[in-house]
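Chemist: Guided by the hints, dock chain U onto chain H, whose structure is given.
Those protein sequences? They're chains H and U, same order as listed. Quick note on the working numbering: the first sequence kicks off at 359 and runs consecutively. Quick note on the working numbering: the second sequence kicks off at -8 and runs consecutively.
Hints are not guaranteed to be accurate.
Said to hold, decoys possible - Heads up, simulated BS3-like pairs for lysine-lysine below, C-alpha to C-alpha not over 25 Å straight-line:
id	chain 1	residue 1	chain 2	residue 2
1	U	LYS49	H	LYS454
2	H	LYS371	U	LYS33
3	U	LYS48	H	LYS454
4	U	LYS59	U	LYS90
5	H	LYS454	U	LYS90
6	U	LYS33	H	LYS454
7	U	LYS48	U	LYS(-4)
8	U	LYS33	U	LYS90
9	U	LYS(-4)	U	LYS90
Said to hold, decoys possible - Chain H side only, calculated, beta carbon under 8 Å to chain U, not exhaustive:
id	residue
10	THR389
11	SER391
12	GLY400
13	PRO401
14	GLN406
15	LEU448
16	SER452
17	ALA458
18	GLY461
19	GLN462
20	GLY463
Simulated from the structure, these hints should not be mistaken for laboratory data. Yeah, the Cβ is synthetic: ideal placement off N, Cα and C, and Gly gets one too.
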Amino acid sequence: ETGVTQSPTHLIKTRGQQVTLRCSSQSGHNTVSWYQQALGQGPQFIFQYYREEENGRGNFPPRFSGLQFPNYSSELNVNALELDDSALYLCASSLKGDDAFFGQGTRLTVV
Amino acid sequence: QQQVKQSPQSLIVQKGGISIINCAYENTAFDYFPWYQQFPGKGPALLIAIRPDVSEKKEGRFTISFNKSAKQFSLHIMDSQPGDSATYFCAASIAGFQKLVFGTGTRLLVSP
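For reference, chain U alone in the conformation it holds in the complex:
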């Protein structure tokens, strides 16, 4: 029940396209859902996070869509750029206790 399932495992998108990564969770106690970007040899960097009182949050080219009833959330990267090529992790936790449960990661490649 603690798992967060992430798909796809890898993704290739052309420059300027939309990258979409999906995650699903089981634990209904989760109420904080961040997305992290990680480059090789670096620590994860917080991109954007959402709490379940809203269904969508947008920051620049990054948007989280959240479906509480389906227990799913997704990251959309608009106008994808080669510099976005990295591994993306979704995560979930119970707010107030930062035990993040991470998905398995999606390796994104944006082709020029």
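So that you can see chain H by itself, here it is in the shape it has in the complex:
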């Protein structure tokens, strides 16, 4: 186990709703990255937070937003959910520039 915990593990939302996913980073890690993994594909980078500031963003629309807190935990918020947002959402923590360790993920289903 990596020490990176995500909650909830599963959830089902209706199209148009909003969702918040949470991540507790491994002790001592100051960088959190979020990834979206569609079924049968590799993870896709959403964005990264370093010391509470966004530090890079992938090709995702603004309705994907995030926060990092002083204890380095993080949230991913998705507004106006679409069916294509159904995926496994992964959080990874690291010391900046070092190996990244993933949590078990949150399985989001949009119906």
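Modeler: Then chain U, alone, in the frame of chain H:
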């Protein structure tokens, strides 16, 4: 230029055999190359990683071979075991900025 191409898509190896998965990249700025193992319903687990100042790194049964001039790297799993059956992802990034670009994955099945 941001892609990482991974092959094969799937692989069947007999117990005790060698599993080999290959990846190629285009972006010469990449300087960190990890491999992840993922079981169904779980997050990816870091197996081993290499930086381009070395051509090979070994940890237990897992070895990364790296060819900077060819922009290719590969994972070798020696003495493959049924418990190694999983999906393997290569990835690449620019060290210091952990935006990992993942390959498409290889589903490995090790037959008993």
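Chemist: Against the structure shown, which of the earlier numbered hints fail to hold, in ascending order?
Modeler: Checked against the structure, no hint fails, so every one of them is satisfied.
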